[in-house]
Structures are given as C-alpha cells and as structure tokens.
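Q: Hey, can you work out the whole structure from these sequences and the hints?
Just so you know, the sequences run in chain order W and C. Counting with our numbering, you get residues 1 to 73 for the letters of the first sequence. Counting with our numbering, you get residues 1 to 174 for the letters of the second sequence.
Just so you know, these hints were derived from the structure itself, not from any lab. Don't be surprised by glycine CBs; every beta carbon is placed ideally from N, CA and C. Don't take each hint at face value.
Keeping only pairs whose Cα atoms sit at most 27 Å apart, straight-line, the calculated DSSO-like set for lysine-lysine is [to be verified]:
| id | chain 1 | residue 1 | chain 2 | residue 2 |
| --- | --- | --- | --- | --- |
| 1 | C | Lys101 | C | Lys85 |
| 2 | W | Lys43 | W | Lys65 |
| 3 | W | Lys30 | C | Lys173 |
| 4 | W | Lys43 | C | Lys161 |
| 5 | C | Lys161 | W | Lys24 |
| 6 | C | Lys60 | C | Lys70 |
| 7 | C | Lys173 | W | Lys24 |
| 8 | C | Lys173 | W | Lys65 |
| 9 | W | Lys65 | C | Lys149 |
| 10 | W | Lys43 | W | Lys24 |
| 11 | W | Lys65 | C | Lys161 |
| 12 | C | Lys162 | W | Lys65 |
| 13 | W | Lys43 | C | Lys149 |
Chain W is nowhere near these chain C residues, computed Cβ spacing over 10 Å in every case [unchecked claim]:
| id | residue |
| --- | --- |
| 14 | Lys3 |
| 15 | Phe38 |
| 16 | Asn62 |
| 17 | Asn66 |
| 18 | Lys70 |
| 19 | Glu77 |
| 20 | Ile95 |
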Amino acid sequence: MKKADIVSAAVTLAMDVDAETRQKIEAFCKVRGAARVVYTIDKSILGGIVIQIGDDIYDGSLLSKIDTVRQSI
Amino acid sequence: MIKFFGNQMLAAIGDLVEWESIVMHLIALVILTVGLYFLLFKPVKRMIKERQDKIRKIEKENVDLNEEVKKMKESSEIVLADARKEAAVIHENAIKVANQKADEIVQGARRQAKGMIDRTEQELEEERRKLGSDIEKQIAEVSVAVAQKVIARDITPEDNKKLIEESLSEWSKN
Chain W
1 MKKADIVSAA VTLAMDVDAE TRQKIEAFCK VRGAARVVYT IDKSILGGIV
51 IQIGDDIYDG SLLSKIDTVR QSI
Chain C
1 MIKFFGNQML AAIGDLVEWE SIVMHLIALV ILTVGLYFLL FKPVKRMIKE
51 RQDKIRKIEK ENVDLNEEVK KMKESSEIVL ADARKEAAVI HENAIKVANQ
101 KADEIVQGAR RQAKGMIDRT EQELEEERRK LGSDIEKQIA EVSVAVAQKV
151 IARDITPEDN KKLIEESLSE WSKN
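A: Put into structure tokens, the structure is as follows:
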C-alpha cells in the first residue's frame, strides 16, 4: 500500500485514555503514514490497544495475549 | 522093546496109509502152491507195493504241504509282525503330529489372545492419555476463561495505559 493512500488509522481501545496516551498513539500512527486517527471503544479486547493502518494490524490487546496463551496450552 | 513097538506102529501106519496117494497129494499141493504164487501172491504183492508207494507219495506230499504251510505261517507271522510294527509307527507318528498340531493351535490362540490384550491395553492407554489431555485442555480453557473474566473486571485505567505504552514502545523498536 502506498503512503499516499493511507488517510486514517483505526484505533480500538477497551476504555478511554488520557490526552498524553492519545498523543503517543497519534504520533505512532503518523510515523506509519496515517494522517488521521479514528478511535473506537470495544470492551471485548479487555485492555491494551489494536491499531489498523491500511493492511497492517498492530494488536497489543489483552484479548490477543490471552488467545496466545490459550493456543500455547 | 521100543524098537519093537516102533516097528509095530510103522507096520500099522503102513497098513492104513496109501503112499501113492500121499505123493499125489504132495504133488498137487506143490502145483497149487506154485499156481497160487504166480496167480495170486504176485499180483497182491504188486498191489500192496503200489499202495505202499501211493501212501509214501501221499505222505511225502503231506510232508511237503506241511513244510509249505509252516513256511507260509512263518511268512505270514513275519508279515503280521511287520504290519504291527508299521501300525505302531504310524500310530506313534499320528499322535506326534496331533500333539504338534494341538501345540501349534494352543500357541496360536495364546499369541492371538496376547495380541488382543496388548491392543486393548494400548487402546485403553490411548483413551486414558486422550482423556487426560482433554481434561488438561478443559482445565486450561476454564483457567483462561476465568483469567479473562478476572482481567476484564479488575483492569484499571492505569493498567490499560501501561499496556498501551508498552505496546507502542515495542512496535516503535521494529
């Protein structure tokens, strides 16, 4: 995917975060070519964060960590 | 005196007997004897000889037959003894073969039974292992589900912030 095509990053959180954290999130997204950040609250991820920028998905949610543990056992 | 009486007796006999008649009788007796000898005695003797020869021949035949019967009897006894020996050997071999077959059948049945027991034990072991694994898996899933519930209930905004920062920091390194 070309950087010009990336206009937004979809960020999913389990709960709302403070401004400082938002700045860090947006800075991360900007470095990876996202001009805009769209936040979504989804309690099912339990905690942490999931960022989708184009085809790239960064999954740092507690749900994915628990799934990893589940698969390993 | 004796001589007197002897002469007297001879004189008396001479009176009673006619010497010519006696001679004629003697001649007739000789002729009859000779005739009988040739006409009767010889054929009877020959017939007796023939009969004796026949009897001897029959006796010889009897002896020969007895010998033959004896030989046949001995031969048949030998054949019978051989047949008995052969029958005993055949009987013994048949018993050996039957025992061998019986042993083979028993061994085969034992092998088959052992194989079945081994297979059953393996299947049981496999089932036990599978059941244990299933139980472990279920326990793990329940533990994870419980952990998930606990985390969902107990996670604080600070914990969440820390998680997010750790994730961002890790991704930034790559």
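Q: State for each hint whether it applies.
A: Structure-based check of each hint:
For a cut-off of 27 Å, the pair hint linking Lys101 (chain C) to Lys85 (chain C) stands: about 24 Å separates their Cα positions. For a cut-off of 27 Å, the pair hint linking Lys43 (chain W) to Lys65 (chain W) stands: about 15 Å separates their Cα positions. Our distance criterion of 27 Å between C-alpha atoms is met by Lys30 (chain W) and Lys173 (chain C), whose separation comes to about 15 Å. Distance restraint check for Lys43 (chain W) and Lys161 (chain C): the Cα-Cα separation of roughly 15 Å lies within the 27 Å cut-off, and the hinted pair is therefore satisfied.
With a C-alpha separation of about 11 Å, the suggested pairing of Lys161 (chain C) with Lys24 (chain W) holds against the 27 Å cut-off. Simply put, Lys60 (chain C) and Lys70 (chain C) have alpha-carbon atoms about 15 Å apart, close enough for the 27 Å limit, and the pair holds. The straight-line distance between the Cα atoms of Lys173 (chain C) and Lys24 (chain W) is roughly 14 Å, inside the 27 Å bound, and the hint therefore holds. The hinted pair formed by Lys173 (chain C) and Lys65 (chain W) meets the criterion: a straight-line CA distance of about 19 Å does not exceed 27 Å.
With a C-alpha separation of about 14 Å, the suggested pairing of Lys65 (chain W) with Lys149 (chain C) holds against the 27 Å cut-off. Annotation: proposed proximity of Lys43 (chain W) to Lys24 (chain W) holds, straight-line Cα distance about 21 Å (limit 27 Å). A distance of roughly 16 Å separates the Cα atoms of Lys65 (chain W) and Lys161 (chain C); the hinted pair therefore holds under the 27 Å criterion. Pair hint Lys162 (chain C) plus Lys65 (chain W) holds up; C-alpha atoms about 15 Å apart against a cutoff of 27 Å.
For the hint linking Lys43 (chain W) to Lys149 (chain C), the alpha-carbon distance of about 12 Å falls within 27 Å, and the restraint holds. Look at Lys3 (chain C): its CB is around 178 Å from the nearest CB on chain W, clear of 10 Å, so calling it non-interface holds up. With 10 Å as the threshold on Cβ separation, the claim that Phe38 (chain C) sits away from chain W holds: the shortest Cβ distance comes to roughly 149 Å. Residue placement check: Asn62 (chain C) keeps its beta carbon more than 10 Å from all beta carbons of chain W (closest about 114 Å).
Non-interface status of Asn66 (chain C) relative to chain W is upheld: no Cβ of that chain comes within 10 Å, the nearest being about 108 Å off. Every C-beta of chain W lies more than 10 Å from that of Lys70 (chain C), the closest at about 103 Å, which supports listing it as non-interface. The Cβ of Glu77 (chain C) lies farther than 10 Å from every Cβ of chain W, with a closest approach of about 93 Å, so its non-interface assignment holds. Distance to chain W confirms Ile95 (chain C) as a non-interface residue, since its nearest Cβ pair spans about 66 Å, more than 10 Å.
Consistency with the previously given hints is maintained throughout, with no hint failing.
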